Structures are given as C-alpha cells and as structure tokens.
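Same order as they appear, the protein sequences are chains A and B.
Straight run, no breaks: the first sequence in my numbering ends on number 511.
Straight run, no breaks: the second sequence in my numbering ends on number 152.
A few of these clues could be false.
[As the list claims (entries may be wrong)] If you only want the chain B side, here are some residues facing chain A, beta carbon under 8 Å, derived:
hint: 1; residue: 3
hint: 2; residue: 6
hint: 3; residue: 34
hint: 4; residue: 40
hint: 5; residue: 43
hint: 6; residue: 50
hint: 7; residue: 112
hint: 8; residue: 141
hint: 9; residue: 142
[Claimed, not checked] Stretch-level coverage of chain B by chain A, calculated; a stretch enters the list once three of its residues show a Cβ under 8 Å from a Cβ in chain A:
hint: 10; stretch: 17 to 28
hint: 11; stretch: 94 to 104
hint: 12; stretch: 115 to 125
hint: 13; stretch: 143 to 152
[Unchecked claim] Some chain B residues flagged as far from chain A (calculated, every beta-carbon gap over 10 Å):
hint: 14; residue: 2
hint: 15; residue: 14
hint: 16; residue: 33
hint: 17; residue: 39
hint: 18; residue: 44
hint: 19; residue: 46
hint: 20; residue: 48
hint: 21; residue: 53
hint: 22; residue: 59
hint: 23; residue: 60
hint: 24; residue: 62
hint: 25; residue: 77
If you are wondering where the hints come from, they were derived from the structure by calculation, not from laboratory data.
Here the structure is a predicted model, which means the values were calculated and not measured.
All C-beta atoms in this analysis are idealised placements derived from N, C-alpha and C, irrespective of residue type, glycine included.
Residues per chain are reported as follows:
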Amino acid sequence: MNETYSKLDRSNVQGLILRGYTHPFSCHLLFSFINNGVEANTKIFFDSLYDKVQSAVDWGKNKPVSMLNIGITFNGIKLLSTANPAIVKPADLNSFPSSFQNGPWSGYSQQSLTDIYNPASVPSNWWNGNGDNVNANLHCIVHVYALSQQDLDELVNYVTAAASKNGLVEILPLAEKNTNGRLYQTIVDNDTAKIHFGYTDGISEPALGVSGSSGLPTQEDFSNFIIGYGNSTIVQPGPFDNTTASIFAKDGCYNAFRILYQDVATFNNFLKQQATKFADALSYLGLNESELEEWFAAKLCGRWRNGSPLMLSPDKPSNTTNTAETGEDFGYISLDNPSLPDPSIPSASRCPFSAHTRVANPRNQNLIPNTEGTNGPPRILRRGIPYGPQLKTEKDDGLDRGLIGLFLCGDFALQFEKLYGWMNYNNFSVSPFYNVIHPPQDAILGNRSLVTATNSPFPGVTSSFIIPIESTATSPRNSITIDALPQFIATRGTAYCLLPSLRSLAEIAGR
Amino acid sequence: MASPLTLYVQIKQDATSQTIAESMIKAFATNVATLLNSTDIVHYASLCLVPNPSTTPGAASSGYLGLLLLTDFDLAMTPYLQVFYGNAGINSFLSEVASIAYNPVPALDSFTAFENFIVGANLTPTPPSTSFETQFYQAYPWTVNQINEAMK
Numbered sequence: 001m002n003e004t005y006s007k008l009d010r011s012n013v014q015g016l017i018l019r020g021y022t023h024p025f026s027c028h029l030l031f032s033f034i035n036n037g038v039e040a041n042t043k044i045f046f047d048s049l050y051d052k053v054q055s056a057v058d059w060g061k062n063k064p065v066s067m068l069n070i071g072i073t074f075n076g077i078k079l080l081s082t083a084n085p086a087i088v089k090p091a092d093l094n095s096f097p098s099s100f101q102n103g104p105w106s107g108y109s110q111q112s113l114t115d116i117y118n119p120a121s122v123p124s125n126w127w128n129g130n131g132d133n134v135n136a137n138l139h140c141i142v143h144v145y146a147l148s149q150q151d152l153d154e155l156v157n158y159v160t161a162a163a164s165k166n167g168l169v170e171i172l173p174l175a176e177k178n179t180n181g182r183l184y185q186t187i188v189d190n191d192t193a194k195i196h197f198g199y200t201d202g203i204s205e206p207a208l209g210v211s212g213s214s215g216l217p218t219q220e221d222f223s224n225f226i227i228g229y230g231n232s233t234i235v236q237p238g239p240f241d242n243t244t245a246s247i248f249a250k251d252g253c254y255n256a257f258r259i260l261y262q263d264v265a266t267f268n269n270f271l272k273q274q275a276t277k278f279a280d281a282l283s284y285l286g287l288n289e290s291e292l293e294e295w296f297a298a299k300l301c302g303r304w305r306n307g308s309p310l311m312l313s314p315d316k317p318s319n320t321t322n323t324a325e326t327g328e329d330f331g332y333i334s335l336d337n338p339s340l341p342d343p344s345i346p347s348a349s350r351c352p353f354s355a356h357t358r359v360a361n362p363r364n365q366n367l368i369p370n371t372e373g374t375n376g377p378p379r380i381l382r383r384g385i386p387y388g389p390q391l392k393t394e395k396d397d398g399l400d401r402g403l404i405g406l407f408l409c410g411d412f413a414l415q416f417e418k419l420y421g422w423m424n425y426n427n428f429s430v431s432p433f434y435n436v437i438h439p440p441q442d443a444i445l446g447n448r449s450l451v452t453a454t455n456s457p458f459p460g461v462t463s464s465f466i467i468p469i470e471s472t473a474t475s476p477r478n479s480i481t482i483d484a485l486p487q488f489i490a491t492r493g494t495a496y497c498l499l500p501s502l503r504s505l506a507e508i509a510g511r
Numbered sequence: 001m002a003s004p005l006t007l008y009v010q011i012k013q014d015a016t017s018q019t020i021a022e023s024m025i026k027a028f029a030t031n032v033a034t035l036l037n038s039t040d041i042v043h044y045a046s047l048c049l050v051p052n053p054s055t056t057p058g059a060a061s062s063g064y065l066g067l068l069l070l071t072d073f074d075l076a077m078t079p080y081l082q083v084f085y086g087n088a089g090i091n092s093f094l095s096e097v098a099s100i101a102y103n104p105v106p107a108l109d110s111f112t113a114f115e116n117f118i119v120g121a122n123l124t125p126t127p128p129s130t131s132f133e134t135q136f137y138q139a140y141p142w143t144v145n146q147i148n149e150a151m152k
C-alpha cells in the first residue's frame, strides 16, 4: 500500500472518486446558477445539500439508502468566485488547467473527442439540441444514488426543491419523452453491471493505492487522480501552485461527464450480419449462429459479454475469468511465445489490436516511447451506467438510450482526451501492430466520420477491422477483415466538472 | 492536419533579458532542433526575435520586443504537449523563454502550468468548436511517422 494513499483524508474526498457505487438507482441532475440573468443563492443551495454528500469514508455494513456527490464546471466555479472571492480569488482562476477552463466543446478538446465531425454528435446539438446555451450555462451536476426507487425519488425531489427555492434552473439533458428529460439509471437484463450493448461493464479499474515496484507512482497511483499530491507524479493533477485555486481543488478530482447514445439496433444487426457473412470462414470454430454473434461481440470488445477477457478465455465465455478478481491478471505479451521477434503480435489472434478494452487499456503492450512515454498507458476511473429503456425489438424504436459516463481523471488532456484520441486513431503502439499509413480505430467507440473528414488530426484513418483467425485447410487465411465498421455511438453531451473536496463544498456552503 | 503553434512571448527590455534572447536564437538550431528531431511528431520549428518598433518612421529600432516560435506538430495539441514537457532539454528551453517574459509567468514546474503557458501564448486562433479549420495551411495531411514510413 502506498504510504501517502493510506494517509489520504478520506473524509475530505467525495466517495464517488475512490469507489464505484453499486446502488441500483441513480439520477444525474444538471443545474445552472443563473435564472434569467439573476444569480442563484448558491450558498444556501450547497448548504442544503452538504449533509447528503457521501465522502470516501468506508460505510461498513451500513450502506447509505441514498446519497449524493456534486461536480462543478469551470463556469460554475467562476460564478462562485465572483460572488465570494474567499472561495477562489478571480485572479487565481487561470491556475486551473486550460482544458478545464475551455470546456470539452472547445477546439482544443475536440481535436481528441472529434464530436464536431459526426453530425449526430456536434456540441451545438448536445443536451437535447440546446448545446451552445447549456455548454455556457451548465454550472453543476448533482449525482444522486439510492437503494430503491422510492429513496431515489425522495432525494431527487429534495435536491430539485432546494434548487428551485434558491433560484437555480434545472437543465434537462434529454427530450422530455425520455424519463421527463432527466438522466435516470436503467437496469439492463436485471443486471446492474450490464450496459445496453449487453456487456458487463466496470471490471477493470485502477488500484489507486498501489505504487510501482520501484516505489515511484505508476499510472494507477491515486496521485494521478486526486489533486494536490506532488508534481513528481506522472500526471501532476493541477492546479498545483500556491493559489487559492489549488487550495480549493486539493483532494478533488476531475470528471468528464459524457452522455453517449448507443445504437443498439445497429449493433445487434451488425453482429448478425457478420455471423452470416463469415460463417464459412469461421466454421472451424464449430459455433452456431447465435454463438458466432457472441464471438464477434467479444472480438469487438476484447471481453465476452459476461466480462471474461479474450486473453484468458479465447474460445468461449468463462464464469471463472469474468470478475475483477479473476479476470484481471493478464497482459498482451506474457501469454505469447517470447522467442518470436515481437512476442506480442500473436496475442491479436486472441484479442484484436483494435478491440475496445485493448485500446482503452493496452496494459503491457509496447507504446511508442517518444510520444506516449515509458510509464505505460494512461488510466481513468470509470463510473458508467446505462440510461434509457432497454431495446426489446430488432428494429430501432426511436427512443434514447445509452451510457451515462463518468470518467474520472486528474488531467483531462493527459488521461481522458489522450485515450479518446487513441480510440479514434490506433497509432499508439509500436508497429507492426497496425498499418502506420492507415491506422484503425477502436472497434466500438471510434468516430467513423473521421474516415472521410478533411483537416482532421488523424490522417489516413480507416474504419476497417482486422480479426486474426486460425488458418485451416478449408480456410487458408489468417485473418478476416470487416471493411467498414458502422457508427455505434453518438454524443448527447459532455461537461468537464471538478468533484471538489468536502472542505471546499463546505466553504461554498458558508460552513 | 497537424497542430500549429505560434508561441509569442513579449520579453523584458533589460540588457540581461535581451542578451538571453539573442543567445537562445544562436543556440536554437544546435540545441533545441536536435531534441525536436527525437520526438517524431514535429514537422518544423523556427525561432525568431521580433524587433522593437521604431519610434520614428524610417529610423532604425533597437532591441527586441519578443520571441516568436513557429512550429507544427502531429496529433491533438494539449495531450501531446506532454512530449515537450517531458523532454528535459525542451522544457528547459521553454522555461528560459518564460523567465524573460515581460508579463510574469508562473514557474513551469507542473504540467498544468506548462500547458497554460503554451496555450495562453499561442497566437494561432483556437480551433473553433464547429470544425477543425484554423488559420493554417499545410500542403499535406500526413504525420511525421507516416512520412517516414512511406520513405522507407
């Protein structure tokens, strides 16, 4: 255990940061501090909510029936600073990282996120078509969790009443035909760990308290996520100076709050089409059509839909490798023959290079040292949950559904945006993993619009997907290629928030 | 399309700062350009001194108003600033630029401070959030790695 981590004041850190909640009910409420040009009474609003904020202190056996956490955007902090300079001096606001200040819709962030290239994802259309207005006026997000629908409703009503009473305006991020426009958690297939594409999510998470064998922080060390623990860390979460901004931000963590629509009908139909198209080439597997669909789903993700990783269970889903305890101990080199010139290449025959989990966390795969560094891949903490009704039909029903993504990090540019850039352009590993002239994309999350875009930072990108397979006498090929992966995802909105410390929330509340 | 960076820093007018600026120009090609070569993402870099304006039309001016670094590197701007922040020689060079800045710059001792300095001093208009178009022309779209690969 990292010594500094063991001394971290957990009572000062919002609980969401250090642990993934398993409460089956949640709602994520968006607010503006401005109502028709009039500033809200944020002090009383935060005071009303303060006692409901869950810290990272272990709750033992008494799991809270309901609780909340709060994120604040840079524009929100700016307003709080103007109203009360004791919180953060206005002159110190520039100490916050420019990526946080500028927001995810800014040109710099969009170089990685690339929403501007997909008409269904452009920032001006985010938040139910009110993108520009909401991007400028979204000031805080309240994440409400509960053990039952009734407990959730009670706390949601409490928060919205406090907001209304103190002049805050609730922003509805979805069309009102979808759960009154709010972001409520959905339970897919009666399994709180499942997302709409059918995968079990949230298995691989950084072990925050662990330092490297040399005693120096690794990419997974908590000091790369929690602000204020030294500039000797890899990420150096900031602000880390002597300004009031750094005092305010200490023990906080950034949250890229991203709403991703998932086109379930297109995804399911794609799996069916591939199972039919490649049935002969894959006949050696001895799988029926439904099993072949699962095989393709696993190849796209890098894990079977039950969570077991292809590297450990290459032939079929396993119930012994499908949890964080049993399905984590693998790399993309160690299983292979070390006598080969590049021992990591054959691992693609188990898990394709562009499979989602391999792109998002390539583990021990060799990265290009000059550009990606020598400390291993950047990590983020994921707290994703599905929203919207489960699709019950083969064809799309026109309803909104997808993922409420909370991607926690210490630096948006170095962790969240860098990984997003990788997902759009798989050029981060040493060749010959990929074609340098035409790098592929993440098989699930890649933005396919970039393939035909001009002026993008990703020249030559392709949406084709190569799946290495076994060469047989009847099918003498060593891979199958899907020429053009469809667009499975669209962005409904993104906000960059700071999850401040309890002490800073108390400061805002005037306590 | 790579990320253009037009870093302009107004410098102090005292003799020491002006001398440092001149020496940086002289050392740039041998010291910094070699380091940039190792990054494999920089297309070009040029450092120049911007002269002070003359006080009378036609009269010669003396001294320098600022330093101007023109460069262009692959991939998204802010995530890949870490390549330069993590390179001790390039970091030292940019810290020296910051040390003679007319407007005080916080010590570049964290990535956040480094990022904020570079982004704040970048004269290239921030790409709009509606397209990737910038006030920048590039004859070819390819990355340094792609060009090197094609030339093999």
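Please confirm whether residue 2 of chain B is truly not at the interface, meaning its C-beta sits more than 10 Å away from all C-beta atoms of chain A. 7 Å, violated
Per-stretch coverage check for the stretch 115 to 125 of chain B, three Cβ contacts closer than 8 Å to chain A: holds (count 4)
Apply the coverage criterion to the stretch 94 to 104 of chain B and chain A: a residue qualifies when its Cβ sits closer than 8 Å to a Cβ of the chain, and three qualifying residues are needed. Coverage by chain A is violated here, the residue count being 0 at a Cβ distance below 8 Å.
Over 10 Å from every CB of chain A: does residue 48 of chain B meet that, or does the non-interface label fail? 25 Å, holds
Identify whether the interface hint at residue 112 of chain B stands, where standing means a beta carbon of chain A within less than 8 Å of its own. Holds - the Cβ of residue 112 of chain B comes within 8 Å of chain A, reaching about 3 Å at its closest.
Would you settle whether the hint for residue 141 of chain B is holds or violated, based on the nearest Cβ-Cβ distance to chain A being less than 8 Å? 4 Å, holds
When you look at the beta carbon of residue 46 of chain B, is every beta carbon of chain A farther off than 10 Å? 21 Å, holds
How about the stretch 143 to 152 of chain B: do at least three of its residues have a C-beta closer than 8 Å to a C-beta of chain A? holds (count 5)
So, residue 34 of chain B near chain A? Judge it on the closest CB pair being under 8 Å. 14 Å, violated
Given residue 40 of chain B was flagged as interface, is its beta-carbon under 8 Å from a beta-carbon of chain A? Result: holds, 5 Å to nearest chain A Cβ.
Identify whether the interface hint at residue 142 of chain B stands, where standing means a beta carbon of chain A within less than 8 Å of its own. 5 Å, holds
Using 8 Å as the Cβ threshold, decide whether residue 6 of chain B counts as touching chain A. Cβ of residue 6 of chain B sits 14 Å from chain A, so the hint is violated.
Taken one by one, the earlier hints fail for this structure at numbers 2, 3, 5, 6, 10, 11, 14, 17 and 25, listed in ascending order.
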